[in-house]
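Asks: Listed below are the residues making up each chain.
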Amino acid sequence: MSSYPEKFVYTKEHEWVNAQDGIATVGITDHAQHELGDIVYVDLPKVGSRVEQGKTFGSVESVKAVSDIYAPVSGEVAEVNDSLTTTPEKLNEDPHGAAWLIKVRMSAPDEIKKLLSAADYQSYVGAES
Amino acid sequence: MSDPAGLKKTSLNELHRASGAKMVDFGGWDMPVQYSGLVDEHQTVRRAVGLFDVSHMGEIEIHGPEAAKLTDYVTTNSVAKLKTGQAHYSGLLYEHGGFVDDILVHKVADDHYFICVNASNQEKDFEHIQAFNRFSATVEFAGDRYAQLAIQGPRALETLQKLTPVDLAPIKYYWFTDGVVSGTPARIARTGYTGEDGFEIYIDPLEAPRIWNEIIDAGAEFGIKPCGLGARNTLRLESKMALYGHEIHASISPLEADLGWIVKLEKGEFIGRDSLAKQKDRGLTRKLAGFEMTGRGIGRDGYEVLVDGASAGWVTSGSPSPTLNRNIGLCYLPIDRAKAGQKIQVIVRNQPVDAVVVDTPFYKRSK
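Protein sequence lines correspond, in order, to chains A and B. 1 is the number of the first residue of the first sequence in this note's numbering; add one for each residue after it. 1001 is the number of the first residue of the second sequence in this note's numbering; add one for each residue after it.
Chain B with its partners taken away, still in its complex shape (with noise of 0.2 Å):
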């Protein structure tokens, strides 16, 4: 059981208290885990809509006449690229070369980058980039000003759609636009963790609340489901997003994680890139790799992992799969053992227990 003494709350708080969610302490953060049940909630987003309150995701705001500089500097993808209006993952990296966090940049203007950071990382993260800022640019810690809201699923359109005098569907995967939704200014993102088409919107959480229930029953003919962090996480999984403090890490690199078309070597000077080439030059020691279970059990988070019967790493996240009922995961593995049909064993509560190294993504939705 949670306690929420001490926990910080998102300003949905007391509505998903007085919906029955079951909460969990989730980094530091009184959350919804669960509101139908996870299967149930995972399935909605799969096949209708299903609505998240992520606001306990951060937001740093970079102004200025060299915020582009600045942004370049601390990220690993390329922001020269990004057009107005055009958002992208990315990565924030130690000089070392291991993840300070995994982010959002979305840029606004020329002279303004709005990034998305995981709850936990904020503090850090504005640290982080503050500690570089030897730019013309200022840092800002925006977490406070942002409610976000995830909608997700085939029906996540024209459920949005209904409230909002934004035309939503030519905004393009990973674009966004500044508009309003229920009568509040919204930046409407079409972004997403579950591996499905949908939005992410970024409000004023006064307003949040409302706009939350105004979505649950402009989604109702759809049959929208509000939707807990359970959910999001076997949904993003089946997708092989990748989870901070899971897949990725302080020592690890975002070639390990399989990540290395976030880093654009190319693009000149940024944190990390001197580790990162090396990395590349003397070739990579490991790598993440997707798996499933062949023998009975479930390869979680944190389970060794064996190959010829040596231990060889470990699991980063494991779990039933709703959508393809099997159980499924992802792990580190020796470079040379990380090709899809190596045969593996995972350590279940001192088993070992069969599985196989697989292509990933699990789940990829057909356009």
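Bound-form chain A, shown alone (with noise of 0.2 Å):
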């Protein structure tokens, strides 16, 4: 069973934000990495460009198949993970952690409240699976 961190909110794409201080920072589920497997390639944004809650702005490409990644909250991307650019495995293995993709400078930082608790997104992933 895997552990979803308290104090991150989630969507039903299987992205995670941690929000604090007006930056969200967003990254894939355990769930998520765990259904694409070994994970090849990451396609992420500039910093600079604008993000969109609900549209994609990036892909995650495993040996199997490649998978949009969604925003899951609006705004300009201020920070970019290009680390995961030359050690894409990292999200594998560190998904809620080292390998976080981005961090969006919100625009509308209601959004989050959309989103799904720590509780909610275990239940609708354990009853997806």
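In short, the hints are calculated from the structure, not lab data. A portion of the hints provided could be inaccurate.
Output of the computed footprint for chain A on chain B, the stretches with three or more beta carbons under 8 Å from beta carbons of chain A [as the list claims (entries may be wrong)]:
no., segment
1, 1029-1038
2, 1295-1309
3, 1315-1323
Distance condition first, Cα-Cα at most 30 Å in a straight line; then the derived DSBU-like pairs of lysine-lysine [unchecked claim]:
no., chain 1, residue 1, chain 2, residue 2
4, A, Lys90, B, Lys1022
5, B, Lys1264, B, Lys1172
6, B, Lys1008, A, Lys12
7, A, Lys46, A, Lys113
8, B, Lys1367, B, Lys1172
9, B, Lys1264, B, Lys1124
10, B, Lys1022, A, Lys7
11, A, Lys113, A, Lys55
12, B, Lys1240, B, Lys1267
13, B, Lys1022, A, Lys12
14, B, Lys1083, B, Lys1172
15, B, Lys1367, B, Lys1339
16, B, Lys1022, A, Lys55
17, B, Lys1172, B, Lys1267
18, A, Lys55, A, Lys12
Glycine is no exception: its CB is placed at the ideal position from the N, C-alpha and C atoms.
Hints given; two lone chains; assemble the complex.
Replies: Given below as structure tokens:
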């Protein structure tokens, strides 16, 4: 059983958000990395580009398949985890930590209220699998 | 997520689910795609031994005084050349020369041939063979009578040897014998779909869960792991073995699929022969070729292939190669553009990415 940090909120598309002081750190969940399997490529937007809640902002490719990643919040990309370009396998090892994807300067911080709590996400993936 | 409702299940289904395998709908079957992880399973088969449930594969048995004649008439390879206890890869074709299926034909006796076919094609194959049966032979749909396990990898022989009194070492590649595994009658074939040494055994489905567990126990000292269809796909791709629905289907002939070696035009009349002979006379227009990505990206099944900026073909299978650490694939190309060294581009999510045609197979085991 995976453990989902209580301080994060989650999407049904399997992204997580850690929001602090107007900046949202975004990643994919342990469930997502497990479903994808061995990750070989991560495509992320550039710093300064804009992302919109519910719209794709990048993709993650595993040996088996390509999956889009959806922005859980809207705003401007403030930072990108470039280390994933050379070591995409970190997404399989530490999806909730070192393998965060992007940091977003939120333009509508209230958006995170629409997302799932750790407990809700846990029961969502529990029901799904 | 797969919803198991309505899907067919092998006799090992509960065992897979209880072991935490990730299950998918594979051609209407609820099958394990991955256990410990695709790359881990792939490497385990290349370096040690892996165990696959391939019970979804179908079996068709042909009996009777003219069993050989019927089998020869509906397949491309030369059944007359098979000795008792020998198997070969072959094609089941339509009159127009396209594939009904690709199959393994085993000669059990002069009047008995055992054919292993693809899971999702088994009903179609059975009806196809039956339709051409004007011989003194019976065609039996036997898919429900067999579970099939594949034990594959350099330590496969040592693993299986612990469970059978049959001396496995003398069984040559693409030969088989009827014996006993874990006290149960088994057809033991030295065949596989991974490019490694190994065995495929055909057993009573009711005995399969017990034998699965015994093989896992027997292989523990060699590092055996249960493997899913994900690793099976990357293993067969590295070895350039065709997958029905990808490299081959009803609109592709064995000559185009680079499988001329299973077509024996000189053996006499067979279904599809005239079309293949004509195709050979006229010359092929397209051919299956291997490629390697030189740009960043993976050319996947169905992606368009460009030559000199113009659409020229399509990818049939593509994946990162866990053994070679490169992104490889197979594609159809115009015959004059299918030689190693030809530069091509694959459209990966609307972007052309550079690739080059390479010699195949991508991987060949050292003997």
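Asks: Each of the hints needs a verdict: does it hold here or not?
Replies: Consistency of the hints with the structure:
1. 1029-1038: With 4 residues in contact (Cβ-Cβ under 8 Å with chain A), the coverage given for the segment 1029-1038 of chain B holds.
2. 1295-1309: With 4 residues close enough to chain A, the hint holds.
3. 1315-1323: This one holds; 3 residues, not fewer than the three required, reach chain A with a Cβ under 8 Å.
4. Lys90/A - Lys1022/B: Distance ~21 Å between Lys90/A and Lys1022/B Cα, so the pair holds.
5. Lys1264/B - Lys1172/B: Cα-Cα ~23 Å, so holds.
6. Lys1008/B - Lys12/A: Holds: Lys1008/B and Lys12/A sit about 29 Å apart, inside 30 Å.
7. Lys46/A - Lys113/A: Distance ~26 Å between Lys46/A and Lys113/A Cα, so the pair holds.
8. Lys1367/B - Lys1172/B: holds (13 Å)
9. Lys1264/B - Lys1124/B: With a Cα-Cα distance of about 23 Å, the restraint between Lys1264/B and Lys1124/B holds, given a limit of 30 Å.
10. Lys1022/B - Lys7/A: Roughly 29 Å separates the two Cα atoms, so the pair holds.
11. Lys113/A - Lys55/A: At roughly 17 Å apart (the allowed maximum being 30 Å), Lys55/A and Lys113/A satisfy the hint.
12. Lys1240/B - Lys1267/B: Holds: Lys1240/B and Lys1267/B sit about 26 Å apart, inside 30 Å.
13. Lys1022/B - Lys12/A: holds (19 Å)
14. Lys1083/B - Lys1172/B: holds (12 Å)
15. Lys1367/B - Lys1339/B: Holds, at roughly 27 Å.
16. Lys1022/B - Lys55/A: holds (28 Å)
17. Lys1172/B - Lys1267/B: Holds, at about 25 Å.
18. Lys55/A - Lys12/A: holds (13 Å)
No hint from the list above goes unmet by this structure.
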